[in-house]
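**Q** Line by line, the protein sequences give chains X and G.
With positions in the first sequence counted from 1, the corresponding number in our numbering is that position plus 5.
With positions in the second sequence counted from 1, the corresponding number in our numbering is that position plus 2.
Rather than coming from a laboratory, the hints here were simulated on the basis of the structure.
For clarity, every value in this text was computed on a predicted model and none was experimentally measured.
By construction, the Cβ of each residue, glycine as well, lies at the ideal position given by its N, Cα and C atoms.
Keep in mind that the hints are not guaranteed to be accurate.
[To be verified] Going by beta-carbon spacing under 7 Å, a handful of chain G positions derived as facing chain X: (1) Gln84; (2) Val173; (3) Ser175; (4) Val178; (5) Arg179; (6) Gly182.
Chain by chain, the residues run as shown.
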Amino acid sequence: MEFLAVTLAIALPAMVSAFGQAWATSRAVESIARQPEAAGDIRGALLIALAFMEALTLFSFVIAFILSGRV
Amino acid sequence: MLERFLESKLAAIGHVLEEVAPRTVWHVGPLEITTTVVNTWAVMAIIALVAILLRRQIQERPRGLQTLAEIYYRFIEGLLEQALGHSDRRFVPLVGTFFLMVLALNYSWFIPGVVPPTTDLSTTVALAATDILLVQIFAARAVGLRRYLKRFVEPIPFLLPMNILEELVKVFSLSVRLFGNLFGGDMVVAALFVLVPFLAPTPVMLLEVLFGFIQALIFATLTSVYVATAMGHH
């Protein structure tokens, strides 16, 4: 049961944030295709947004790691 | 037969963490000097040596390594320009130093036997705390102490604890982001080495080269965004 908790603690956030990142990236690629001259700005904004989304997964990774020490 | 093979592999994966975790090299009084500290100082020494040698032979017409250094300067200036909206030379040393340091630490596994110091939470917390502290100092020097402090009581003085908490959360998120990415990547490579030591870890290691650069880029980009915020640009 504890093993399941650890597994879910990393699997669920990774899944959800992957969807979030996919959505953000697809919109960014769309807007680059529409306005190639703004590619630099869009890439910068995308990188920061992806970093924030990625951080949430990594927080849960650290928490899952702390939990796995207790199982 | 196969079952016993898989069982032994699974048992070996359990010990992967010991490969990645820092080891104590020697003691200085109550302090433990770990491999993390030794590796960080080695990387620092290499960067300092290259910088000193480079400074000696600076010329009007760039040649060799100086060309690379000037391209690097332009690159950092561009990062800052994106965040601030205008070019500002005063912050180039801050952002440039942190980018180079994080990149060098991430890539220190190119030296055989070295585990990147950024896979240790102590290193990343120290880097992030120094970064945020320096951002406050640089911003206060740039806009003046009065205007800098005014940001903390805006939009209403009631939000002062929230604004201070925000700066502390920045330290937390910066350090855990860097640590999680590097540590996770290192664990995956180590686990693959245990399972299939021949050729299987190579693609993941290539991916790690890319991630090392992206994490350094994100660290520098976020630093310049924080500088812009601390100066009251948003």
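**Q** Now, for every hint given, state plainly whether the structure supports it.
**A** Hints and how they fare:
no.: 1; hint: Gln84; verdict: 5 Å, holds
no.: 2; hint: Val173; verdict: 13 Å, violated
no.: 3; hint: Ser175; verdict: 5 Å, holds
no.: 4; hint: Val178; verdict: 6 Å, holds
no.: 5; hint: Arg179; verdict: 5 Å, holds
no.: 6; hint: Gly182; verdict: 3 Å, holds
Hint compliance for this structure: hint 2 is the single one not met.
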